[in-house]
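S.K.: Mind docking chain C on chain D? Use the hints.
Number of protein chains: 2
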Amino acid sequence: MTVTGENILAGVPAMGAGKTFSALNPVTGETLAPDFREAAGGQIDEAAEAAQRAFQSYRRLSGGQRADFLDEIAAQIEAVADPLIARCGAETSLPVARLKGELGRTTGQLRMFAGIVRDGSWADVRIDRALPDRQPLPRPDLRRMLLPLGPVVVFGASNFPLAFSTAGGDTASALAVGCPVLFKAHTAHPGTCELVARAIGRAAERCQIAAGVFSLLHGGPEVGLGLVRHPLVTAVGFTGSRHAGRALFDAAATRPVPIPVLAEMSSVNPLFILPGALRAREAAIAQGLAASVTLGCGQFCTKPGLVFLPEGPAADSFLGRLELVFESAAPMPLLTIGIQRAFVAAQARIIALPGVAGRASTAAAAVAGAPVPHTGVRPGFAVTTAAEFCREPALGEETFGPFTLVVTYASDEELDNCLQSLAGQLTATLQADEADWPQVEELLPRLEQMAGRLILNGFPTGVEVCAAMNHGGPYPSTTDVRFTSVGGAAIFRFVRPICYQNFPANLLPEALRDALSPVPRLG
Amino acid sequence: MTVTGENILAGVPAMGAGKTFSALNPVTGETLAPDFREAAGGQIDEAAEAAQRAFQSYRRLSGGQRADFLDEIAAQIEAVADPLIARCGAETSLPVARLKGELGRTTGQLRMFAGIVRDGSWADVRIDRALPDRQPLPRPDLRRMLLPLGPVVVFGASNFPLAFSTAGGDTASALAVGCPVLFKAHTAHPGTCELVARAIGRAAERCQIAAGVFSLLHGGPEVGLGLVRHPLVTAVGFTGSRHAGRALFDAAATRPVPIPVLAEMSSVNPLFILPGALRAREAAIAQGLAASVTLGCGQFCTKPGLVFLPEGPAADSFLGRLELVFESAAPMPLLTIGIQRAFVAAQARIIALPGVAGRASTAAAAVAGAPVPHTGVRPGFAVTTAAEFCREPALGEETFGPFTLVVTYASDEELDNCLQSLAGQLTATLQADEADWPQVEELLPRLEQMAGRLILNGFPTGVEVCAAMNHGGPYPSTTDVRFTSVGGAAIFRFVRPICYQNFPANLLPEALRDALSPVPRLG
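Chains as they are written, first to last, in my numbering: chain D, 1 to 523; chain C, 1 to 523.
Read the hints as simulated data drawn from the structure, not as lab findings.
A hint or two may mislead.
Since copy identity is lost for identical chains, a pair holds within one copy or between any two.
[Said to hold, decoys possible] Under the rule of at most 25 Å between Cα atoms (straight-line distance), these lysine to any residue pairs were calculated in the SDA-like manner:
id	residue 1	residue 2
1	Lys-100	Ser-361
2	Lys-100	Ala-330
3	Lys-100	Pro-132
4	Lys-100	Gly-115
5	Lys-19	Leu-32
6	Lys-19	Ser-57
Okay, chain D solo, but in the shape it has when bound (with noise of 0.2 Å):
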């Protein structure tokens, strides 16, 4: 299993025309080889056109071919399972158990959608059968399902470099519902993404599926955004950066032929203590909550950013306790150098803003003479009270990494005003006690509009893979509400519905014809 770091196009490996760069262990700093090239703008094109015709034929195949390819790709992923890990270990720093489960993750969002696809009722087929003696006119016979889009780009997320990356949630539901995938590999894990792509052309190879279905691009901003722009392209998924999701959008948005960008970018997945679960629960909640803000290094897009605290001594006592497990904490290496001077930057900014106290220091320093990882740093977090909080947007802001901010609140009053002054969110998770129930119906109604999931005695991090799982919310945590990109709804992202009018049998799509289908639908 040997990276070259070439992109590969419609199933050939091909150099990259453009700039060279590579991999860099965050551990050690070194470079990892080999080279790798980005794609030059004829590259795109050459895997737009073959993505295109492979549309053609991919997405005529039935539901139960295409569960059979996302089958074979998980297979031959789990073929590659150790040199897979391995690479992706050097280039992420993320531990073996980690990605051991994150691989079986992947995998299984892979079986997941082949079982939605083979079951088929996805497809909402509608039938109104005609009704040629209707008065004053007659009913022409009319069925209806949803189709692919077409080819989708897919871009790789930093923080899930197999679960949300070459072959992850955005291509496993693309794929399913009949779209070929133009890949954007992330450029922190490009060898991992070039082993994926390879066992997903393996798969094509032995499914007998056109190599165009899935392409491999390699490439910074300006090949992402050439493959959004590119006329050939139906939709994008994306999980990063608020900047670089807008950008992505706002390039979608002006295309003289718009289409969608389902783009997950940002979230402070606020948290809200009541105050009968810290009078009760305080020592538990502050373990949790030092749990959840450190897993994966504070590098999920559903970390507990913001904590809504009421004041008095047991708030006091959950800080300390807060402060206790942060320091204890050996440093810990960050996804890449990048994220890393970002988070102490970002912190810095904070921890300056009048109001707020920094506790914890996040500064990276030996523990028991341990080398000190290239991008490691310790998790901390910062307290403030709801006042300074609503007089500063910035304190609404996320900061990707191991850190979450404080809030204490005097009254219920200036946790109202608290919220009245947060953004969109993919989660809001409430700390509560049957004695806080009568807050909780308050709350509600206001955490329904503002956030897509909301949890109650839990901690937002672990999002579930299954059928009632929404990862979503209002913008700017996506930016389309309407959809989600983890679970089974997730096989809507990349559909669209057709209605055939007055069509025989031999010229309609199979799901549509009357004999006896075994999958459930209207009429």
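M.R.: Showing chain C alone in chain D's frame:
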């Protein structure tokens, strides 16, 4: 039932603070009393804030309560049917029979959505129960459903003054799911809008629903853009011109918080006559085409504005028949003098193009001494070749009114070239006999990607309101190919998912509780 010329802001009539305008009778050219005044900025704020307040209670009503409201709106419209149709006829020149039919369609749509929300399955409830013993990690209880987005701006369409205006499809689907509506009245039928808005107001009063659930605002593009840019607005529904639709889309996409725009804009609805069908049914197809092109004086979004005809003697005979039918038509009034001028100018431009021959003059001339309506025109068509069509992009654009362009083709290759140059469409129609089926099979994949509804041996006008309908299509026919504006699936226009994790029954929305539910759901 007096029309006063006022805006209706959260149930309260209020004369606009902006410019004065009035409605015109398209037949006589006379100004209709009273004067109307455009809403000013402060009135937009007032309506939006009332909508946001109403949203808090309205969205929490049961499906049954919202259904009762929709049914009551239908009843209140029926109660004023006679004065409503009289005013609407004066403002639009549409005949009484058509308006009676459209009123029935309007109330039918309201009752259809009432039925859908009473049933409740639209909310796509998904439940994944807790698995506390799962290894390595327990699964929390997860429950997901669809919720309303929030206040929605709806624009009245000129060509359906009832069914796609004040209480039309967009308003009905928004109110059905729990979204308040800010309705921008159409300047060509403002009195009709006012009468329907008053009916909605009476229905809200009878059902004890917060009056802010619906406001009517008069005005032009500035009022429209003011509404789309308002921070409390969460989505937009529009039917109208490509120019106006794209302007609204651009305004929404460049907001600090972008919002979805569901705009149905322009479509030429290509109709393909295949050789076998032409041989077998030349006269019937010509008759049907003429009826479809002239229905509603050509002012339907599904009017077949482009016809592909195989060259030869049958084509000549077909064109002769079309000319006879068109030339014998009496002048008919278009909806507004603006539409008439644009129609005459567009036709003149097309006919002046090299290689295009005008057939059947569209000039409105008196027939047998009958008076010529102020906005009167006659139906016309033009003929060109496939080669000219491929050369001149302007030939692929919509002409709103009773006009169609016939493109003759000499070979399958020429037809194929034409197909390549076609943009996204609401519909594509095939006239094909069994002898043509191999060619239909060739064409279908292209048509599926080009259009939202495919019709075999019918005509695209006459959009059935039913579960299986899809009225939408790739850009520029709409700004979002993923949604239909007609039929049961339009319920998905203004909703988003939300997930509740680990909530006890008493804190969950009723639809997500374990109590036996008659609503089908996943999980």
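S.K.: A separate judgement is required for each hint: does it hold in the structure or not?
M.R.: Hint-by-hint comparison with the structure:
{"no.": "1", "hint": "Lys-100 with Ser-361", "result": "neither (31 Å within a copy, 74 Å between copies)"}
{"no.": "2", "hint": "Lys-100 with Ala-330", "result": "within (23 Å within a copy, 76 Å between copies)"}
{"no.": "3", "hint": "Lys-100 with Pro-132", "result": "between (60 Å within a copy, 22 Å between copies)"}
{"no.": "4", "hint": "Lys-100 with Gly-115", "result": "within (22 Å within a copy, 49 Å between copies)"}
{"no.": "5", "hint": "Lys-19 with Leu-32", "result": "within (17 Å within a copy, 68 Å between copies)"}
{"no.": "6", "hint": "Lys-19 with Ser-57", "result": "neither (34 Å within a copy, 57 Å between copies)"}
Hint violations for this structure: numbers 1 and 6, all remaining hints satisfied.
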